[in-house]
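Trainee: Heads up: the sequence lines are chains A and B, in that order.
Under the working numbering, the first residue of the first sequence carries the number 1, and numbering increases by one thereafter.
Under the working numbering, the first residue of the second sequence carries the number 1, and numbering increases by one thereafter.
Hint data in this document are derived by calculation from the structure and do not stem from the laboratory.
From a predicted model like this one, the values you see are computed outputs, not experimental measurements.
Heads up, a few of these hints could be off.
Simulated crosslink set (DSSO-like; lysine-lysine; CA at most 27 angstroms straight-line) [claimed, not checked]: (1) B:K617 / B:K345; (2) B:K40 / A:K72; (3) B:K40 / A:K74.
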Amino acid sequence: MARTPIDLLQGTLDVLILKSLSWGPRHGHAVARLIRASTGGAFEVLDGSLYAALHRMEERGWVAAEWGLSDKGKRAKFYQLTAVGRQQLRSETATWQRYSVAVAKLLTATDQP
Amino acid sequence: MLNRLFSEIRFRLRALFHRGKLEQELDTELSFHLQKETEKHMANGASPDEANRRARAAFGAVQGTKDDARDARGISLLDSVVQDVRYALRGLRKRPAFTLGVVLTLGLGIGANAAMFGIVDRLLFRPPLGLKDPETAHRVFQHRLVEDRRPRIDRNFNFRRYLDLQRNTRSFESFAAFQTRTLALGEGTDTHEAKVTVASASYLQFFEVRPALGRFYGPAEDSVPAGAPVVVLGYDYWKSRYGGRSDVIGRQLRIDRSTFTVIGVAPKGFVGAGDQGVPAAFIPITAYAHAVRGPRYPTVYTWTWMEMLARRKPGITQAAAEQDLTNALLGSWRETIAEQPNWGKLEDLGIRGELGPMHLARGPLAGQDSKVATWVLGVAAIVLLIACANVANLFLSRAFARRREFAMRLALGVTRGRLARQLLTESLVLALIGGAAGLVIAQWGAAALRAAFLDDAASAVIVDPRTLLFTALAVLVTALLTGIVPAVQTGRGNVNLTLKGGANEGPHRSRARPLLLVFQATLSVVLLIGAGLFVRSLSHVRNYRLGYDVAPILYASANPRGYRPTEAEQQTIAESMLETAKRIPGVQYATLTISVPFWSNEGTGIWVPGVDSVNQKWNFLFNTGSPDYFKTMGTRILRGRAFDERDRAGTGLVLVVGERMAQVLWPGQDALGKCVKIGAENEPCAQVIGIAEEMHLRSLTSERDYSYYIPVVQHTAPPDPQVFVRVSGDPERAIEPLRRELQRLMPGPAYVNVVPLSQLVDPSLRSWKFGSTMFVAFGGLALLLAAIGLYSMIAYDVTQRTRELGLRIALGSSVSRVLRLIVSSGLRLVGAGVVLGVLLALWGAKWMEGLMFQQEPRDPLIYGVVAGILLLVAVVAAVVPALRATRIDPNSALRLD
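Produce the complete structure using the sequences and hints provided.
Mentor: Given below as structure tokens:
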């Protein structure tokens, strides 16, 4: 592999999961797949933590879970963003953007202020 | 917001109540994921096994994930507790010997405490059943000064004083008068003695209880002077005598000398202010007093007999109420002195009132028993400490043996906190089982304790909510004490070192264990010294010559029960009792008597020519007897002769004096032939014809009492209808024939009661008997526990040092050297404990002084013997594992990992 996986920063996983669910309901495995694929394998999401996070979010009411059938007809638990979850995604996205802009500004600065 | 709250609650509830379903769902979800991953890896060309392995690897430990997911549900604490308990139980089942040992050890420790707590609680703390507002209820005591300005505390009053106090105080809601007396109940052959509480109507109102049947008597039935002849039966008496029938109401029952009508039954377990057991009946105090003393009893200050309770008005402090009480008492005494000037001046009497606690044992007149009981509770606590030390020790050695397992788990990511929690759970589970065992032991041992300490065996329920609460506390403390050390120890230590080190060689040895052992030895020494002191005291008491024999003597007395014989009739009854008693098979000697040891005794002033103010200096008790008096009592004549048939009503007056009396009256002279005037200064001389042993009639150590003896026929009053008989063989078996024969002589309602003399004397030995029994039992238990602790520690040590010892032997160390090495390490610890224990006992000895009987609390013999026993036990406990160590095969020892 060309790039070494980065350890997820604390709190990052939630926003990634919320984002992947924003495209529609999917089961845990699909969420993992999506995160891995769309970050180009940069993040090593330990599958265990993924489920812990999903359950935590379910408890907080950010996602709603429902048992359904996978495309191969297996029983699987599908997660879906709730209104609260969507709001949470928006606010966390905003936070992240502010945060990363700020960090980037400093890291790319050429002059000492 | 509210909506979210609801959804959260629902989620939590679901989590709690649908555990199984959720687990299943979680399983399904995770296995679905694994399957998908496996499929993916297989699609990329991995073998099924490899694919599965990779899938799992990416997941982290499946179990861990489940834990994380569960954590998210917020039930993990509860869950992990359940898990820890299961884990603990599994571990305990796997080691039955360990578990049994620990449970028994803790069971004995906790059981001893629960049982003793039950007693001490009853004696000292728990308010009497049903007592309303215990804060404001008091027993009334009176302080005054008697001869030589010695302070004296009374709890007995006369009825007129009770009326005075009611009239002349303002701080009290009410006063109650009562006394529990042994009275005759029933008629004819059915006559039996039982405890009856004679009590004012206000007494019952001190309690918030309802009669089990019928009603209580009220003020109208307790009116001065005669009251009404009504009776409320005690619950147990009603059950046993009337079979619990409800038609008992309205029946007639003869009590003492009058007939009472049953109007109610007291509730179960109701003893009143009771220190004297569960009464068979309650009757109005006025009705009883009137029947016994006639209508004048409320107008005189002379009949001092009943006890009093007082209830403060709300808002009145105890100090203020006490002042009010003292003032009223002073007023009452002023009147007493006006009527009976021989009391002297009011100022000299030092009258003061005291509002004491309801528990006699906590009040100013507390007996020896409550002190001993408190001591024994302390002892029980020490035994529990020793048991805890032992169990902590066992836990430590287990924890030490399991430290690799712990290290492994720590390395695998289990937190130290979790591990410590697990160990604590284990000790808690054990303590709980031990507590349950303890309750069984307590219940079983309680009967013995109750018999020893509380008269009312029937009413004392040992396992009650308060005792249960206490036991629960003991369990908790035990769990903490036993679990904390190992738990802390697991928190220490370097995981790496432990994992690398051999199984039998720790990087560090626990310092806690030797300390625990020293601690155990110390406490054992203290207990055993206490046991030794009590045992010696008891044997002093047993061997103490009271001046008469106790075991072979029966005491028979006629109770006239209201029948008033003429003097001549009483004479006849007494004489025929004596003659009849002598004819009973097994009776060796019999005598009439006036004094009964520890029961009743008479004193009369004497005048001795040439000796001044005899009666101010000494206190003389006298006794009258038949010619066989000394043979019956076993009292030895030291010089001169006993009175006998030659000494009759018309012949010269004679007396026999006690040896101490002879010494104080005629120091350095021969007492024989001296003149003593009995009763008054102008009486004719009675001649001293003999010197006998001094009889102890009132207490074991009555330094102030002296006794003398005169022939009953020369006494001015007719003899009391009571006899002592000396029996050969089992005295118990002579009781009934004697009673039956004597009963035939009784006129009218009078009846005869026969008891062994020991029954009258034993209560004064009770505290020593109990103290020595309990100290020996607990001291022995402590010694056993300490021995087990020492043995297990040394045995364990030997196992730990197998390799080292093997090496020593391989290098040519002799067997005896190895033995010495091990035994001396054990001895060092116990020796330190012995020294500490002896010091502690020497220091604590001053508090034991009052509890001893002719026993120096710093007796070097006892200290020496105890130290010897402990060291001996240490040697034995160490030698067994040490011998095993010498048999270590150096070869295999060195090959151990």
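Trainee: Now tell me, hint by hint, if it's right for this structure.
Mentor: Results for each hint:
1. B:K617 / B:K345: holds (21 angstroms)
2. B:K40 / A:K72: holds (14 angstroms)
3. B:K40 / A:K74: Between K40 (chain B) and K74 (chain A) the Cα gap is close to 16 angstroms, so the pair holds against 27 angstroms.
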